[in-house]
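I would like the entire structure built from these sequences, with the hints used as guidance.
Chains A and B are the protein sequences, given in the same order.
For what it's worth, our numbering labels the leading residue of the first sequence as 12, then goes sequentially.
For what it's worth, our numbering labels the leading residue of the second sequence as 202, then goes sequentially.
Keep in mind that the hints were calculated from the coordinates and are not lab data.
From the three backbone atoms N, C-alpha and C, an ideal C-beta is built for every residue, glycine too.
Honestly, I wouldn't trust all of these hints.
[Said to hold, decoys possible] Far from chain B, some chain A residues (derived; all Cβ distances over 10 Å):
1. Thr-14
2. Phe-15
3. Gln-44
4. Cys-65
5. Phe-67
6. Ile-76
7. Ile-115
8. Leu-143
9. Arg-174
10. Ile-177
11. Gly-178
12. Leu-273
13. His-278
14. Val-294
[Said to hold, decoys possible] Here are the simulated distance ranges between beta carbons:
15. A/Pro-134 with B/Glu-290: 56 to 64 Å
16. B/Glu-385 with A/Arg-95: 34 to 42 Å
17. B/Tyr-340 with A/Phe-103: 52 to 60 Å
18. B/Glu-290 with A/Val-269: 54 to 62 Å
19. A/Leu-122 with B/Arg-220: 50 to 58 Å
20. B/Asn-317 with A/Val-93: 35 to 43 Å
21. A/Val-93 with B/Lys-259: 43 to 51 Å
22. A/Phe-295 with B/Asp-254: 38 to 46 Å
23. A/Ile-107 with B/Glu-204: 55 to 63 Å
24. B/Asn-271 with A/Gly-80: 34 to 42 Å
25. A/Val-93 with B/Ala-279: 18 to 26 Å
26. B/Thr-325 with A/Phe-111: 35 to 43 Å
27. B/Leu-316 with A/Val-123: 42 to 50 Å
28. B/Leu-216 with A/Arg-198: 25 to 33 Å
[To be verified] Stretch-level coverage of chain B by chain A, calculated; a stretch enters the list once three of its residues show a Cβ under 8 Å from a Cβ in chain A:
29. 245-255
30. 279-287
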Amino acid sequence: MNTFLQLCFGGLALGTSYALIALGFVVVYRASQVFNFALGELLTLGGFVMVALCDFGVPWPLALIGAMGMTGLVGAGIERLVLRPLIGRQVFVTIIVTIFVGMILRSLVLLVWGPSPVGMPTPWDPSASISLWGANVFYSALGAVIAGVVTLIGFWWMINKPRLGIGMQATSSNQETALALGIPVGRIFGSTWFIAGAVAALAGIFLSMFPRNLDSNLGFVALRAFPAVIVGGLDSIRGAVVAGLGLGLLEVLAQGYVNEHLGQFGHNFHTVFPYLVMVLFLVFKPHGLFGTKEVERV
Amino acid sequence: MLEVTNLETVYHGVLRVLRGVSLTVPDGGVVALLGPNGAGKTTTLRAITGMLDIHEGKVTKGSITFDGHNLVGKHPEAIVRLGISTVMEGRRIFPELTVEENLRAGAFVAPPAKLNDDLDRFYTRFPVLAERRHGPAGYLSGGEQQMLAIARALMSHPRLLLMDEPSLGLAPKIVKDVARLITEISKDGVSVLLVEQNATMALELSSHATILETGKVVLEGASETLKADADIQAFYLGMGADKTSFRDVKHYRRRKRWLS
Ligand SMILES: Nc1ncnc2c1ncn2[C@@H]1O[C@H](COP(=O)(O)OP(=O)(O)OP(=O)(O)O)[C@@H](O)[C@H]1O
Ligand SMILES: [Mg+2]
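What follows is the structure, given as structure tokens:
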């Protein structure tokens, strides 16, 4: 069996989820300079909505789209109700508020669905795998990569539509000026939160497939995607995708090749690698791979 | 076309800034709005464009209409769509975006079909900017940035252009270019409301002028007449040394405003 290839597939699957989560952070940050610390709870929410829809008898692919859409709407709702009134406030205010919103979401999820883990429904046998070039690949991992790539392409297409794309760029550069040009800044913020909610749901759904289960702690995975945000460059969508995939790969490869040499100490050592890379970037290349450097204002 | 009547505004619910300002911009006309620092010129423009809201201000009295449409309480986007465009104080180009992206942002409310023609027309007019269309706009010189800001405002095909101190901080030669551009814009049939501290230039370009002091209209009339007025000459036109100090004060205050 080809261990290397096997690890690469696992890494790509994890990396796709990291990329989606990082994208969710970046798309909101770019438009409104808000660090969305409620994003993790949107992953959990998306997962539970998916389970609920499947329990309800909705066919799996429709349930997937439905869960993404509904979580997106929750995101847009949070923006409209909580963050819109805070436009123009200092960054730390919005950080505190999103953390608080995350806590409320978490409580709601616990209240509705309880603390015990549930299995994520899959259209395939959850532990089934196929052999690709000598590597054993879980259907779920393959599904994650395919769904993630399709979503990323769809997203790419959306932000390159001339109007929405330029509206988002202008808004992220200067809200007041964008508003004065007739760009609907509020609606743009709303769309970025919708996108963040939708990609978070997708990541949450695939992350809670075999071997993991879905429970209310899934949200902490979002923190593990945070290095991808920094390494990619905070406001770069391309960076989020590249760094997410790269760090996912790195993490799984480390798990396969490094952990075993560290004995007892190496049990969870692979999870440290993305943070290590992040720290190196913060020290030597603080704008990340593709982040915008401040243009000197003449 | 634009009709402002007895306008009163407050900031933060208490700070009264405009106390009964009236002015009219006729179809195709250039009207100047003059006044010293803090007179309320920018506030007047914010009221017209629906931008008071985000500065925690609001209109408390009076009316603003554009071709019969009431503008008070309208969203900025709706106002731009009615045909009013603004060149804000201090240029405010998007520095990280390219020249072309800046222009495309200005065309947000315009029909996309016209975009390429508009870009071509703009580049023929400003060859320097055509060369740098794919470079960050923040690297342009002050004068080029002002041209870009004006061009960007025109991309929405406005019928009325509001300009907030377009000559501020520019070298005299560039100010002349800006003045020429304003004349051209008005010849193309766009009405202009020109806010200025450079009264010489503004009275030269406009047919009519209103002078504001501490939120009230103190003088208004034909620009020709005002130019000849002895008081105006004393206060706004003739004073070389004083005027620079005016500007210094202004920069200081502006910095303070941004910091607070
Ligand atoms: N956001 C705000 N909050 C509170 N007060 C404000 C705000 N903006 C302006 N003001 C105050 O309103 C008054 C008028 O300001 P405004 O900017 O309209 O003057 P201006 O005529 O444009 O002056 P300048 O020539 O300096 O640009 C000033 O006293 C100013 O301090
Ligand atoms: Mg002003």
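- Return holds or violated for the Cβ distance of B/Leu-316 and A/Val-123 against the range 42 to 50 Å. 48 Å Cβ-Cβ, so the 42 to 50 Å window holds.
- Regarding A/Ile-107 and B/Glu-204, is the given constraint of 55 to 63 Å on their beta-carbon distance met? violated (45 Å)
- Item | No chain B beta carbon within 10 Å of A/Ile-177's | Violated: least Cβ distance 5 Å, not greater than 10 Å.
- Task: Would you check whether the claim that A/Ile-115 is not at the interface survives, using Cβ distances to chain B and the 10 Å cut-off?
- Result: The claim holds: A/Ile-115 sits with its nearest Cβ about 27 Å from chain B, beyond 10 Å.
- Query: That 54 to 62 Å hint for B/Glu-290 and A/Val-269 (C-beta), does it hold up?
  - Reply: Given about 57 Å between the Cβ atoms, the range holds.
- Check on A/Val-294 being off the interface with chain B, judged by Cβ distance over 10 Å: holds (24 Å)
- Task: Using the beta carbons of B/Asn-271 and A/Gly-80, state whether their distance is inside 34 to 42 Å or not.
- Result: This hint holds: roughly 38 Å between Cβ atoms.
- Take the C-beta atom of A/Pro-134 and the C-beta atom of B/Glu-290, compute their distance, and say whether it sits inside 56 to 64 Å. Roughly 59 Å apart at Cβ, these two residues keep to the hinted range, so it holds.
- Item | Assessment of proposed distance window 38 to 46 Å (beta carbons of A/Phe-295, B/Asp-254) | Cβ of A/Phe-295 to Cβ of B/Asp-254: about 43 Å, so the range 38 to 46 Å holds.
- Message: Looking only at beta-carbon atoms, does the pair B/Thr-325, A/Phe-111 fall within the given range of 35 to 43 Å?
- Response: violated (54 Å)
- Message: Checking a non-interface call: every C-beta of chain B should be farther than 10 Å from the C-beta of A/Leu-273. Is that right?
- Response: holds (44 Å)
- Non-interface claim for A/His-278, where every Cβ of chain B lies beyond 10 Å: Non-interface label on A/His-278 holds, nearest chain B Cβ at 44 Å vs cutoff 10 Å.
Hint check: violations occur at hints 9, 10, 11, 17, 21, 23 and 26; the rest are consistent with the structure.
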